[in-house]
Amino acid sequence: AQKVTQAQTEISVVEKEDVTLDCVYETRDTTYYLFWYKQPPSGELVFLIRRNSFDEQNEISGRYSWNFQKSTSSFNFTITASQVVDSAVYFCALSEANFGNEKLTFGTGTRLTIIP
Amino acid sequence: KAGVTQTPRYLIKTRGQQVTLSCSPISGHRSVSWYQQTPGQGLQFLFEYFSETQRNKGNFPGRFSGRQFSNSRSEMNVSTLELGDSALYLCASSQGQWNQPQHFGDGTRLSIL
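Order-wise, the sequence lines are chains S and U. Counting from 1, one number per residue, gives the positions in the first sequence under this note's numbering. Counting from 1, one number per residue, gives the positions in the second sequence under this note's numbering.
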């Protein structure tokens, strides 16, 4: 069965510091997708990025970067030069390859607070 | 392009009542999924509909049901409400393939008194 673990429950950093959110996943499938979502206080889950299991190339998008390592089953997310607007709960999620299976398995989330 | 719309945003019910929540997906999206979010259990998958058919179902009792209409709009119904049903119910839509990102609405916050 699939499982996503976000060991960090809460993180607080001072504005402009870098912060990394950890995500470890478990799956028996060799084909899967990993996602990161952000949930601001308004409640809506905002899609940030997805990565498939065959693409371990790490990516940088502005202040955001992602580190995917299949060897350790990790998909970590880094915010560089954090801003107050980054304060939110961040969720890592897994989707296994199964056409017709639109099910996301979420981690428990990491609450990130950026202190001005 | 309009996002996923959920109505109502807030709802207060009492134990034993039933409730219906509505979700309008992004135009062109044929898949609608429902999730329950609680502080204790986190985000849990309820079910998913594609072209008016339920394709996948999570581990929730039969009191939780849903349907999808021909225009892809979806409703979720919970009967015989219990205190533990208090939660944020999130709806997500996508194009219907497992590797496509799901786009979420703002949710309906249901409180049971």
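These are calculated hints, taken from the structure and not from any lab test. Keep in mind that the hints are not guaranteed to be accurate.
Stated by the list, open to error - Here are the simulated BS3-like cross-link-like pairs (lysine-lysine), alpha carbons at most 27 Å apart as the crow flies:
no.: 1; chain 1: S; residue 1: LYS16; chain 2: S; residue 2: LYS38
no.: 2; chain 1: U; residue 1: LYS13; chain 2: U; residue 2: LYS57
no.: 3; chain 1: S; residue 1: LYS70; chain 2: S; residue 2: LYS38
no.: 4; chain 1: U; residue 1: LYS57; chain 2: S; residue 2: LYS3
no.: 5; chain 1: U; residue 1: LYS57; chain 2: S; residue 2: LYS16
Stated by the list, open to error - Far from chain S, by Cβ distances over 12 Å, these chain U residues were calculated:
no.: 6; residue: GLY16
no.: 7; residue: GLU48
no.: 8; residue: ARG55
no.: 9; residue: GLY62
no.: 10; residue: LEU81
no.: 11; residue: GLY84
no.: 12; residue: ASP85
no.: 13; residue: GLY107
no.: 14; residue: THR108
Think of the CB as a built atom: it goes at the ideal place given N, C-alpha and C, for glycine as much as any other residue.
Practice problem: May I ask you to check that ASP85/U keeps its beta-carbon over 12 Å from the closest beta-carbon of chain S? | Solution: 17 Å, holds
Quiz item: Hey, LYS70/S versus LYS38/S, does the alpha-carbon distance stay inside 27 Å?
Solution: Judged against 27 Å, a Cα distance of about 23 Å means the pair holds.
Quiz item: Holds or violated: are the alpha carbons of LYS13/U and LYS57/U at most 27 Å from each other?
Solution: 25 Å, holds
Practice problem: Just double-check GLY62/U for me: nearest Cβ-Cβ distance to chain S has to come out over 12 Å. | Solution: Consistent with the label, GLY62/U stays out of reach of chain S, its closest Cβ about 19 Å off (over 12 Å).
Practice problem: Taking the shortest Cβ-to-Cβ distance between LEU81/U and chain S, state whether it exceeds 12 Å. | Solution: 20 Å, holds
Quiz item: Does LYS16/S pair with LYS38/S here, judged by a C-alpha cut-off of 27 Å?
Solution: 19 Å, holds
Practice problem: Test the statement that GLY16/U is away from the interface with chain S: the closest C-beta pair must be farther apart than 12 Å. | Solution: The assertion about GLY16/U holds, with a minimum of 26 Å to chain S.
Quiz prompt | Hinted pair LYS57/U and LYS3/S, Cα distance within 27 Å | solution = Roughly 17 Å separates the two Cα atoms, so the pair holds.
Quiz item: When you look at the beta carbon of GLY107/U, is every beta carbon of chain S farther off than 12 Å?
Solution: 5 Å, violated
Quiz prompt | LYS57/U paired with LYS16/S [C-alpha distance capped at 27 Å] | solution = Violated - the C-alpha atoms of LYS16/S and LYS57/U are around 43 Å apart, more than 27 Å.
Quiz prompt | Interface-negative label, GLU48/U against chain S, beta-carbon threshold 12 Å | solution = 4 Å, violated
Practice problem: Mind verifying the non-interface call on GLY84/U? Its CB should be farther than 12 Å from each CB in chain S. | Solution: GLY84/U is indeed farther than 12 Å from all Cβ atoms of chain S, at 18 Å.
In this structure, the earlier hints numbered 5, 7, 8, 13 and 14 are contradicted, and the remaining ones agree with it.
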